[in-house]
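Residue numbers (my numbering), protein chains in the order written: chain A, 1 to 273; chain B, 1 to 273; chain C, 1 to 273; chain D, 1 to 273; chain E, 1 to 273; chain F, 1 to 273.
Hint data in this document are derived by calculation from the structure and do not stem from the laboratory.
Among the hints, a few may not be true.
[As the list claims (entries may be wrong)] Cβ pair distances, simulated, as ranges:
#1 Gly218(D) - Val217(C): 23 to 31 Å
#2 Gly64(F) - Gly218(D): 40 to 48 Å
#3 Val201(F) - Asp257(E): 53 to 61 Å
[Unchecked claim] Covered stretches of chain E, as calculated for chain F (at least 3 residues, CB under 8 Å):
#4 38-46
#5 135-147
#6 168-179
By construction, the Cβ of each residue, glycine as well, lies at the ideal position given by its N, Cα and C atoms.
So you can see what is in the structure, the chains are spelled out below.
Protein chains: 6
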Amino acid sequence: MTQAIQSMPRENQYLIPSEPYYQESGDEISLYQAAYDSRIPMMLKGPTGCGKTRFIEHMAWRLGKPLITISCHEDMTASDLIGRYLLNADGTYWQDGPLTTAARIGAICYLDEVVEARQDTTVAIHSLTDYRRTLSLEKKGELLQAHEDFQLVISYNPGYQTLMKDLKTSTKQRFAALEFEYPDEETEVSIVCHETGIGKVTAGRLIQIAKHARNLVGHGLNEGISTRLLVYTAQLIQKGIPPVAACHMALVRPLSDDADIRETLEATVQGCF
Amino acid sequence: MTQAIQSMPRENQYLIPSEPYYQESGDEISLYQAAYDSRIPMMLKGPTGCGKTRFIEHMAWRLGKPLITISCHEDMTASDLIGRYLLNADGTYWQDGPLTTAARIGAICYLDEVVEARQDTTVAIHSLTDYRRTLSLEKKGELLQAHEDFQLVISYNPGYQTLMKDLKTSTKQRFAALEFEYPDEETEVSIVCHETGIGKVTAGRLIQIAKHARNLVGHGLNEGISTRLLVYTAQLIQKGIPPVAACHMALVRPLSDDADIRETLEATVQGCF
Amino acid sequence: MTQAIQSMPRENQYLIPSEPYYQESGDEISLYQAAYDSRIPMMLKGPTGCGKTRFIEHMAWRLGKPLITISCHEDMTASDLIGRYLLNADGTYWQDGPLTTAARIGAICYLDEVVEARQDTTVAIHSLTDYRRTLSLEKKGELLQAHEDFQLVISYNPGYQTLMKDLKTSTKQRFAALEFEYPDEETEVSIVCHETGIGKVTAGRLIQIAKHARNLVGHGLNEGISTRLLVYTAQLIQKGIPPVAACHMALVRPLSDDADIRETLEATVQGCF
Amino acid sequence: MTQAIQSMPRENQYLIPSEPYYQESGDEISLYQAAYDSRIPMMLKGPTGCGKTRFIEHMAWRLGKPLITISCHEDMTASDLIGRYLLNADGTYWQDGPLTTAARIGAICYLDEVVEARQDTTVAIHSLTDYRRTLSLEKKGELLQAHEDFQLVISYNPGYQTLMKDLKTSTKQRFAALEFEYPDEETEVSIVCHETGIGKVTAGRLIQIAKHARNLVGHGLNEGISTRLLVYTAQLIQKGIPPVAACHMALVRPLSDDADIRETLEATVQGCF
Amino acid sequence: MTQAIQSMPRENQYLIPSEPYYQESGDEISLYQAAYDSRIPMMLKGPTGCGKTRFIEHMAWRLGKPLITISCHEDMTASDLIGRYLLNADGTYWQDGPLTTAARIGAICYLDEVVEARQDTTVAIHSLTDYRRTLSLEKKGELLQAHEDFQLVISYNPGYQTLMKDLKTSTKQRFAALEFEYPDEETEVSIVCHETGIGKVTAGRLIQIAKHARNLVGHGLNEGISTRLLVYTAQLIQKGIPPVAACHMALVRPLSDDADIRETLEATVQGCF
Amino acid sequence: MTQAIQSMPRENQYLIPSEPYYQESGDEISLYQAAYDSRIPMMLKGPTGCGKTRFIEHMAWRLGKPLITISCHEDMTASDLIGRYLLNADGTYWQDGPLTTAARIGAICYLDEVVEARQDTTVAIHSLTDYRRTLSLEKKGELLQAHEDFQLVISYNPGYQTLMKDLKTSTKQRFAALEFEYPDEETEVSIVCHETGIGKVTAGRLIQIAKHARNLVGHGLNEGISTRLLVYTAQLIQKGIPPVAACHMALVRPLSDDADIRETLEATVQGCF
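The following block holds chain A by itself, in its conformation from the complex (with noise of 0.2 Å):
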C-alpha cells in the first residue's frame, strides 16, 4: 500500500480537479498572486466560515499547484508534519508527512488553524520561511531544501486568540498577510443563490437575519452566522422544510443556548418571513 503512495505521481493527487467556486471581495486575489510569485510565505486572517480555505483552493487551482491542507489541532506533533518511521518485514522505514510531502514535490502546504497546534510544529516550519527554505528531517538525518514552487500558508483567527494560546511573534515576523471579512451583502446573496439554486428574495431574507446576528458579537454572541450556515438554510428550505423552522434548527439552535440571544434571533427570523 505504501508502495503505491510512493510510485504514483503524487503531484497529481492534490491538484484541485475544477475550478471551485470564489467570488472576489477585493484585490486578494492580485495580492496572493504578487506574494506566490517570490514565495512569501502567506497568513489568512478572518472570522470562521468566510472562505479563507474556499480562497485558497481557488488560487492553488487558478496557479495549478497541488494544494496539501492540514488542519491542526493541540495533538498533532512535529512527526504528524515531518514525517516518521514504519515498520516493515524488513525493518523500519521512512514515510514523508503532508509538510514535507509538500516540499518535495512543489505543492502549496495549507496549515488551517495553525494557533491551535503546538509549538513543536509552528518552530518546525520556521527553516521553511526563511532564506533556507529548509526542513530538517531531523529523525531521517536528511536536510530537504524545499522545491522551488513550494509555498507555505497559514490561516489565523484573531478573534480566537488568548494569552495562552497565540503565534510567537518570531513566527507571526515570517509571513505577509491578507485579511477576510464576511461577504458583503450582493456578493453573499449571489453566493447563496449561486449554492443551492434558492430565490434572490429568500436569500436576501436569510442575508438580512445574517446581519443582525453578526451585530450580536461580542454582546453574548461570540461569532456570527457564517455563510456557511446560511447555505445550510436554504438547502432545508429547497427541501420543503418551512423558512422559520430551517432558520431555528440551521441558524438559532446551532450557535447558542442562551434563552435572551435566542429570543432576539427568533424574533428576527419571524419579522423577516
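For chain A, the structure is supplied; the task is to place chains B, C, D, E and F on it using the hints.
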C-alpha cells in the same frame, strides 16, 4: 481475524436489523429527513436519557443506512476515530477507524457526547462537514472522499458544557441542530407500558414522580429522572418488588446523596403509592 | 500460554467454588435478585469494609454465574477493560480485557470503586448499560452483543466523592442502587465469632469499641473501624496477644496519627478490657 | 536469560542467607509473629533510618521465608509490581513482577515507602489484603491465588504524609500496624559499637549529639540524625579522621544548609569532643 | 536508505556551498573567530530576525566547517539531539542524532532558540561545554569524545525569557556571548537593496517605517519590524503591488491586531509614501 | 555493536587515563579517601563551576578506579539509570544502564546534579546506599549485589534547591558530605595561569573582577563568575582580543541582562584594565 473483518461486507454489520421503537414527539423525523437529503451534518441536543440515541437508530433503520456509533471520551484520540497502523508478520498494515469506515461505506456516523472528546478529534471532522466532504488520513498519506451516503451526526448536552469544555464555535457552525426534551406525559406513559408491560395506572404514577423530580433540577439535582430509570422501576415492580422499594432503588438512590433532596423525593414516592 | 487461556472453558475459572459466608441485614438479596432477573445494572453504595465485595461474591455463587471483579484505579485505561492487541510470531492478535470477557461469557462484571477510574473507562460501559447491551471494540472493529446472562455491577462510596472526582450524572442514570451500612451489633458479633472462633463476650467488647470509633467519623476520623479490622483484632487475641495490645495494633494505629484521636480511642480500649 | 530466571528455584534467591543483626526494643517480634501466623497484612510505621528495613529482614530470616523488597516511587506503575509482556522470537511472553512472584512462591513482600507509589499500585494490592488473597493479572487474564505463606508488609512514615499524598483510608483499613522509634540510648550505643568496632565512650558521645539534634525536629530540622549516620561517623573516626571533622562530614553537612541549625549542631559537636 | 546515510561522507552534506551574504556591523567576526580558535562555546543574543542565523552560516562558510542547525522546541527530547535505537530486520540499531553527528564529524552545532527546549536537552550539552568535551550516549553505553573541530553555539532572545522559561545559570556559565541588534540605517538600506534589487529611496522609506515601529516596542508591540519583513515588502513592491498596500500586507497586518497600534502604523506608512 | 560493548573489558573504558589537574584547597582528599575506604556514599556540595566534577575525576584517577558520570535531568527515568530491554533478531535482551554497570564492575558512580532527576531515580539508589548494597533490577528479576569497589557519589548545589525540588530527607540521610567553594585568590590565579598560559598579573586582575561579581550574588546575580568563565576570558586574551572586550564577552554578557548589574560589572572591568 483482521482478514475476516476486511473481507466481510462491512455495510451489513452496521445495518439496524429491526425497527427500533420510537415515539415521535414533534416533526423531528421530517426535519432530519430533509437534512439527510442534503447531507447536512446534524447536532442532536438534549439531556441524558431522553431518547437521542434511540432516535438516530430509528432514523438509520428508516433510511436503510448503516449506523456507526462512537461513544466519545476524553482519552479518545484522533487515531481512535481515523485508524492506525498495526503489525503483522509482513510489517505494518493500516486499519481504518470507525469514522473512516463510515466515510468509506456511506454510513451515518454518530459521535455520542462529542464534547467529551479531545480537540483533535473534533478538528479531525471539520473537512468532513464542509463542501469538501474529505477525511485526511495523514498517517497513511490518503485523502479520502466520503461516500455519497455518508452523514455526520453528533450529540450535545447543553446542561453539561462548562467554560473549560465546550465545542469551539468553529465546530458548532458546521451543524444544523434538533432539540430533544423528555417526552410529554402521555407519550412517556405509553413508552413505559410498551417497554415493560406494566399497567397504565402504575406507569402514570411513576411519571408523576418523575415530573416532581424534574422540577428540582437546578435546586439540588443536576438532572431529572430519565425515562430509562422509569423503565427500570417498572421492571422491578413487574418482578414483584413493592412499588415504594422499587422507586427507592431505581429513582431515589442513584440520583442523589443529599439528605434534603432524598427526603423530598421519598415523600413524593410515598404520596403516589 | 495465551493459547491455554483461549482454549480453557473460561466460565469455570470465574465461578465461585463454595458459598461465601454472608449475613443478610435487610432484603438486599431479593432486591438484587429482581434486578438481575431484568439485567438492570446495579450500583452498590456504602463505606469501606462493610461487605459489598462479599455480597456480590455471595450473589454470584447463589445465581451460579461467573463473577469477574475489577479494582478500578486512576491509571486504568479503557484498553485495560476492553482489550488490546498483543504481538506474537505472526504479528498482532487481539486479547479480550476482563469487561469484554464478562460480556462474552455472560458473567457478572463487578467494577470496584469505579469512581477511581478515568472517564474513558466509565464512558466505555455506557452502551452495555442501556437497551443496546453492546460493547464497541473500536480498535478491533467489532460490535459485541453481550451474553444474555451478563450484568454490570459497580461499587460507589458516597463519603469519598469530591467535586473533582464523581460519577457523571449520565452514568448514574444507568444504574439502580442498593445501600450498605456497617452490620447491626448482633450481626457483627456473629460475623466476628464465625470468622475467628473467638468468644461472644470478647467479640461484643470489640464491637463496643468500633461503635465508639464510628461516632468519631467527621470529628477527626475519615471512616469508622471496619468489620475487617475487628476480625484482625480477634485473630491476634486468638494467637495469644493481650486484648489491649491487639486493639492498639489493629484498631488504633492503622486508623489515625492524630494524638487526640488516639488518646480517645486508647481510653475506649482501656475501658472495655 | 529469562529462561535462567524461570528455571532456578526462585524461593532460594530471596532467602536471607544469615541472621541480620537486630536489637529488639519492645515486643515487636512476638507481635509480628502473631500477625504473620494469621497472615494479617502489616504496616511498619516510623521515621527514616530507625530500623524498619532491618526488622523485616530479621523477621524473614527468623521465619525462614523468602523476602522480596520493593522501593516504591511515584513513577512506579501497577505493571512494575504485577508484571508485563515482553517480546522474544516467538512473540510476547509474560514476565511476573515482584509482587506476583512473591504471591506465587509464598514470600513476604515488603513495599518500602508505599505512599510514594501511584494510586494504581496501592489499589492493585487490595485483593491480596482481604479474605480473597488473590491478585488479578488483568493483562494476562489470570486470577492468581496467593501461596499460603505469602504476606504483604508496607512501610509508612507518618511525618511525611501531606494532604496531597497519603494512603486512602480504604487502604489503611487493610493493615495492622507496628510503630518504630529511634532505639533508646543504651541500645543505640551497642548498635554503633557492634557495626563499627568503635569504643563505647566515643559511641556514647555520638549518641549525645544525635539526641540534641533529634530535639531540633520541628524547629528547623525535618528529621533527626539516624542511626545510619552515626555508624558512618564512627566508621570515619575508625579510619583516622578526627572526631569533629567526621561529625561535620557525616552528621552536620548532610542534614541542613540553614546557618542557625548548623551553628547549633557544630556547637554541640564541639561540646562533646 | 539509512545505509545511504551512513556511507556518504556526512561532513560534506553540512558544508555551506556558497558565501552567505552578511554585512558586519561591529567586530563580531574577529571575536567569534577567537572564540572558535579556543573552541569556547558561544551564545548569540538578540531579537528575532536581526541576523543571528545568517551570521552563524556566514562564519561556518568562512571557517570551512560543516554546520548543523537544530531548531529547538518544547517537545524536543534529549533523544532527538543524541540519537535513538531504530529497528531493522536484524533487531535494533543505533542512529546518531544531530548533536552526536556534529560531535563526531567536527561540525559547528547551532541550537536555535535553545530556551524553548526541555531541560533534559540543555543538561545533555553540559559535558560538551567544559574541559571534558564528551557526550554520554547513555542508552548506547558509549562515551563520545568530541572531534577537535566541534563547537557548540546557541541562540538566545533575552526579550523572550520569563521566570518559568529561562536558561539555568549553570548552563549560562558555560558560554561566552555576542550581542546582535537590528542593523544601523545605512546597513539595513544596503541589505534590503541587495536582497530585492529595489531602489535606495524606497528602501530608505521602508527603514523609516521600521524605525517608527521599533519605537513602539514595549508600548503595545512585542517586537519591532524585522529586516525580513522589510525584504518581503520590497519584494511585493518589485512585483508591482503599490507601496502602501505592500506595507499593509507585510508590515502592519502580521504584527498586530490592536486597533490603536494599527492606526499608528498605517499613519506612518501613509506619511512615508 | 552491542556485542562489542559487552565483550570489551568495560572497566578500562571508564578509567581516567591521565592525572586531572586539581589544586587541593583543604583536606578534602584525605576525607574523601577515608569515606571511600568505608564505601560511605558521598555528597559533594557547592556552586556551579567550582570544581566538583574535576575533584571526583581526580579522586577516581588517584584511587585507580573506573568513574561513570551521569548528568541528571528531569526527564531521566529509573530505566535510564538501571537498564532496559532492547530488541534484536531473537527477541528482547537486557542492556545494563550506567548505574548497573558501575555496580557490576566496581566503579565510582557520580550522579551530577542529582536533584534535577525525578524521584524514581533517587529512590532507585536507596538500596545501594545502606548496608544491603544491592540494586533491584525489577524488570529483569535480578537482585544485583554491588561489587566491593563500588561507591555512589552525588553532587548537590544548595543555592538551587526550592521547596518544590529538593532531595528527600530520607535520601540525604544516606550520604556523608564535603563542601566546595570557589578557590581562594592565590589558588585561582594559579589555576587560570596553568590552564591558559596567561601571565600572573592579568590573571590576578581577572580574579579581582570575579571577586567583585561574587559579592553581587543575592543582589541581582544568581551565581558568581565561575573559574570556568575566567579561563574563557584568559583564552580570548591569549588569542589577541583586548582584555576589556574579552571580559564583556565572557564575564559580563553571559551572566545577566539586567542593565544595572551590567553597568556595575562593566565599571569593574574598566577599573581593572
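Results of checking the hints against the structure:
For Gly218(D) paired with Val217(C), a C-beta distance near 29 Å keeps the hint of 23 to 31 Å intact. The hinted range of 40 to 48 Å is satisfied by Gly64(F) and Gly218(D), whose Cβ atoms lie roughly 46 Å apart. Distance hint check: the CB atoms of Val201(F) and Asp257(E) are about 59 Å apart, consistent with the given range 53 to 61 Å. Counting residues of the stretch 38-46 of chain E whose C-beta lies closer than 8 Å to any C-beta of chain F gives 4; at least three are required, and the coverage claim holds.
By the rule of at least three residues with a Cβ nearer than 8 Å to a Cβ of chain F, the coverage given for the stretch 135-147 of chain E holds, with 7 such residues. For the stretch 168-179 of chain E, the assignment as covered by chain F holds, since 10 residues bring a beta-carbon within under 8 Å of that chain's beta-carbons and 3 suffice.
Violated hints: none; the structure is consistent with every hint.
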